[in-house]
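Engineer: Sequence:
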Amino acid sequence: MRSKKKNVMIKRKVRLRKRRKMFFLGTIIFLSCAIIFTTLFYKLYINSKCKNLSYSINYTLTNKSEKKQRLLEVKDVNLVFQDDDSAIVDVSGPGKENPHSNTNVKASFKKTSFGVWKLNKASLISSEN
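Going by the working numbering, the letters in the sequence shown line up with residues -4 to 124, in that order.
Please note that the accuracy of each hint is not assured.
[Unchecked claim] Straight-line Cα separation of at most 25 Å, PhoX-like style, residue types lysine-lysine; simulated pairs:
1) K101 <-> K59
2) K101 <-> K46
3) K116 <-> K70
4) K101 <-> K62
5) K62 <-> K46
Keep in mind the hints are simulated off the structure, nothing from the lab.
Kindly produce the complete structure, drawing on both the sequences and the hints.
Structural biologist: Below, the structure written as structure tokens:
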């Protein structure tokens, strides 16, 4: 009689372990899919917004460029040259690093085959205190 109860308890524990493993595995798969989906959606959203040159200049120079060339905010944009698939701009604004000195950056952008403006090259012209 005791062995029968013990056997039932062991089977129950095995079932609970399986259930916990399946729940844990399902949670990991769900979270992984959610992270991948969110990342892809964010990249697609930014790419769709970067089809506009002014948005691409603002986004790229405030978020994506190198630290010395990164701006806190784009104050002034002067378009030097633009054709169908490339553009060169002079941009000025306060620098990202403290103290937020006035920074001038010359940047060239290329249009990809999908129509998205990507930063090709950026160079720091001046940084004034």
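Engineer: Where does the structure disagree with the numbered hints, that is, which hint numbers, in rising order?
Structural biologist: none
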